[in-house]
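> Residue numbers for the sequence shown follow my numbering, beginning at 1228 and rising by one.
These aren't lab readings, by the way, just hints derived from the structure by calculation. Treat each hint with caution, since some may be false.
As the list claims (entries may be wrong) - Only pairs whose alpha carbons sit at most 27 Å apart, straight line, appear in this in silico DSS-like list of lysine-lysine:
hint : residue 1 : residue 2
1    : 1365      : 1333
2    : 1259      : 1279
3    : 1382      : 1361
4    : 1346      : 1446
5    : 1584      : 1695
6    : 1718      : 1703
7    : 1503      : 1361
8    : 1346      : 1297
9    : 1695      : 1590
As the list claims (entries may be wrong) - Per label pair, the in silico range of CB-to-CB distance:
hint : residue 1 : residue 2 : range
10   : 1558      : 1519      : 44 to 54 Å
11   : 1575      : 1607      : 15 to 25 Å
12   : 1298      : 1632      : 47 to 57 Å
13   : 1525      : 1708      : 27 to 37 Å
14   : 1730      : 1253      : 49 to 59 Å
15   : 1744      : 1607      : 26 to 36 Å
16   : 1575      : 1526      : 21 to 31 Å
17   : 1526      : 1607      : 27 to 37 Å
18   : 1519      : 1377      : 45 to 55 Å
19   : 1310      : 1643      : 49 to 59 Å
20   : 1256      : 1344      : 25 to 35 Å
Beta carbons: idealized from backbone N, C-alpha and C, even for Gly.
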Amino acid sequence: MAKIAKVKELSLEQIMWNCRNALRGTVGGNEKNRDTVMGLVFLKFAGDKFQKRREEIKAEFGDIPAFLEKDSFYRSANVFYINETARWSYIVQHASADDIAVIIDKAMADLEDRNPPLKGALPQNFYATLGVRKEQIKGLIDEINKIDENRFHEKDLIGRVYEYFLQVFAIDSGTGTEKGEFYTPASIVELIAELIEPYSGVVYDPCCGSGGMFVQSIKFVERHHGNRMKVSVIGQESDPTTWRLAKMNLAIRGIAHNLGEKNGSSFTEDQHRDTKVDFIMANPPFNLKLNSQGVTQDTLTGDPRWDGYATPPVSNANYAWILHMLSKLDMTNGIAGFLLANGALNATGVEGEIRQKLIENRKIEAIIVLPREMFYSTDISVTLWVMNNNKGKRTLNGRQLRDRRDEVLFIDLRRWNMTVYEKKYVMFSEEQIAAVKKIYNDWQSVESTYHDIPELCKSATIEEIKAKGYSLVPSKYIEFIDHDLEIDYAKEMARIQDEMRLLMESEKLSQSMLEDAFRGIGYEL
């Protein structure tokens, strides 16, 4: 009897890889490939949540249309009501249809029309214009349909899948500084959340990309058994496609949000102008030239966001972003964690004046230099700033904090061994995030166990920083050890001597063999 071949069960990663590559090279660029996959993944998970909620309603009220078709019964559970022809089951059933692309476009339009929070979030009239064969779309639908909670018992399957696609499409996208600009690696965002601790209040991101800062702020609350209903998220995003991506990312996870009525730069078109916030998590564009955005120095002059500080230059927006964020923070207890290019740590001129004032006003709490190869847009290290409006003695989240107004904590993580993924990029492990948080919390604590560690961290006084020209470059304060002084020269030279002796003997043998070979054919060297 012939043996029946055993079909190998595909892992979740293999299925997601197949989805990622299903239409690669056929849809006109990585961005279209991303939007094609992410749109269908959204329909899949929205459909799954709808069907699950529908079964719950049936169990409670029976098979009664008045209940089953009532939108509010779904929205009360953070689930979107979906018309029959927009449901994932309908998409799968008609995956082989000649007009499957039109069916998907109609499903997107119906879902948006029926659910106001999705306004502007989903791709419209998109799939019918891709120019791919119906068999290819069916292949992608079939792959996405394999991502099922009954098959993969993940605690947060939706979150894991969405995070995977955001990450890999960010890696695939663009070149140079534009590569992956819509996505900040998750382990960095998790570190920011752990440091600023957004347990309750308003979290703001002025340039929110695909919404990762908001996702991690909610994950932080859930990880620490808090109440996610006590956190609200607001922000903006200038790129229209990325703005839609953020709304989809938050909507599918059931995170209520306010990203403005439309896409737009929070810097030049602030849609939350009079709002003060408790927390800021941000990754502004590095070294953005405002004059390339049509902003002139005259436009910046007199802006109330710079009150008490010099007017930032249009040639580089780093300090304009800092002051923009500072103007948003609650004056009593607001705290921000944001990323900037390392050049901001030691910039001179007007930027240096602004930095000096920020330090003198006791706004800067911590400066953390991150390892290289963490970002998709640059291979250099990047700095995480913590800016705090209250560095004084107080009780916070059950901890007794000491007065740190005359100090700044410097941490340099560039020597850490990092976890490698996607061949060349690195990320923090959970243990490393916890280690940074411990250093920071110990330094803050009244019962402090903190101590400076050479090549890792240093608590510097404002006077020490003043003596260094108000530079915030960590290496000016953290002690570095000259490891060359630790070398046993006699032992090292003996080792090198033995290696050189063996090398020279090997070369002599090779030379002798070569001379013999030539001599054997009648020639002398």
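> It remains to establish, for every hint, whether it holds in the given structure.
Okay, the hints, checked on the actual structure:
no. : hint                    : in the structure
1   : 1365 / 1333             : 16 Å, holds
2   : 1259 / 1279             : 30 Å, violated
3   : 1382 / 1361             : 34 Å, violated
4   : 1346 / 1446             : 25 Å, holds
5   : 1584 / 1695             : 15 Å, holds
6   : 1718 / 1703             : 33 Å, violated
7   : 1503 / 1361             : 50 Å, violated
8   : 1346 / 1297             : 20 Å, holds
9   : 1695 / 1590             : 18 Å, holds
10  : 1558 / 1519: 44 to 54 Å : 33 Å, violated
11  : 1575 / 1607: 15 to 25 Å : 20 Å, holds
12  : 1298 / 1632: 47 to 57 Å : 52 Å, holds
13  : 1525 / 1708: 27 to 37 Å : 50 Å, violated
14  : 1730 / 1253: 49 to 59 Å : 55 Å, holds
15  : 1744 / 1607: 26 to 36 Å : 52 Å, violated
16  : 1575 / 1526: 21 to 31 Å : 23 Å, holds
17  : 1526 / 1607: 27 to 37 Å : 30 Å, holds
18  : 1519 / 1377: 45 to 55 Å : 51 Å, holds
19  : 1310 / 1643: 49 to 59 Å : 51 Å, holds
20  : 1256 / 1344: 25 to 35 Å : 29 Å, holds
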